[in-house]
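J.: These are the residues of each chain, in order.
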Amino acid sequence: GAVVSQHPSRVICKSGTSVKIECRSLDFQATTMFWYRQFPKQSLMLMATSNEGSKATYEQGVEKDKFLINHASLTLSTLTVTSAHPEDSSFYICSAREVGTLSLDGYTFGSGTRLTVV
Amino acid sequence: GQNIDQPTEMTATEGAIVQINCTYQTSGFNGLFWYQQHAGEAPTFLSYNVLDGLEEKGRFSSFLSRSKGYSYLLLKELQMKDSASYLCAVRDNEAAGNKLTFGGGTRVLVKP
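Residue numbers (my numbering), protein chains in the order written: chain A, 1 to 118; chain B, 1001 to 1112.
The following block holds chain B by itself, in its conformation from the complex:
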């Protein structure tokens, strides 16, 4: 099974940087995903890490350390539209059906 932890809420100022941490304990690991979700909508894909290191995509970056069971999502140059929930999800291995298990989500509030 998977145990995934991330902070419940974070508040940041427009234009600033926010880092959302995610720790996980898994019985099988085959990649870590970050999704953004606005209220009442489906999650949208942000990033994917399967190897250690940093993946950068525009204003969003994600880091993974498999030995530490740790990832973070970094949001730069925050905009008001970035106010949303950010979900960390770990993928099981093939034998377990490649399921995605989601953390509780981190609600980010961007203030002017």
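One chain only, chain A, in its complex shape:
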């Protein structure tokens, strides 16, 4: 089945630094990549939607200058948390939608990245 590789799985960074999270579709082409954030004991909150070759669409309340999303190819999307602060500590998960698929198999999740900002 479709696999999305997400790295790193865990990262600890100092306040004020930037962190890049990668999601790579291994055996399919991802037209669309969704980026979610999940705080402890809460559900997944959609941050932004990115389509290959175009600018990401951010959900209301998500700072696009802080959370930079790049979807340069059909197999790679990156999320960069810039000038990270402790309140950005969270679980970040990507989800890829396969080209030409609109079915229950159309969404494949990465394994998530636990970001801790100290």
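Worth flagging that the hints you see were computed from the coordinates, not collected in a lab. Hints should not be assumed to be uniformly reliable.
Unchecked claim - What follows is a set of in silico ranges between Cβ atoms, one per label pair, in the way DEER data are often shown:
# : chain 1 : residue 1 : chain 2 : residue 2 : range
1 : B       : Glu1077   : A       : Ser83     : 47 to 53 Å
2 : B       : Lys1076   : A       : Lys14     : 46 to 52 Å
3 : A       : Lys14     : B       : Lys1081   : 34 to 40 Å
4 : B       : Glu1014   : A       : Pro40     : 23 to 29 Å
Note that the structure is predicted; figures quoted are calculated from it, not measured. No residue lacks a Cβ here, since even glycine has one placed at the ideal position from N, Cα and C.
Following the hints, position chain B against chain A.
T.: Showing chain B alone in chain A's frame:
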């Protein structure tokens, strides 16, 4: 936009049945998903409904009523490993980018 409600927590006994309800109000609807998520892990797909009725997959079944904006996930013959969060997610239509919007999740605790 989407407004999705599900209970926060449920407790059940091993071997029993639990039903997790999900109600939604949407501006566009193109299917409803149920996912299971263990702490610190990514969600795993359980079921998908786009037409009214019941979908059965082994111990898990999911029901949808589009006119009522209502779905439930039924877990039968509960096992200890079923202790997890269960997420209801509604998909937007194509014009809205086929986004999945998740409910708050229901934490199910299975007791011996």
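J.: None of the hints should be skipped; say for each whether it holds.
T.: Hint check results:
1. B:Glu1077 with A:Ser83: 47 to 53 Å: Holds, since Glu1077 (chain B) and Ser83 (chain A) (Cβ atoms, about 50 Å apart) stay within the stated range.
2. B:Lys1076 with A:Lys14: 46 to 52 Å: At 49 Å between Cβs, range holds.
3. A:Lys14 with B:Lys1081: 34 to 40 Å: holds, 38 Å
4. B:Glu1014 with A:Pro40: 23 to 29 Å: holds, 26 Å
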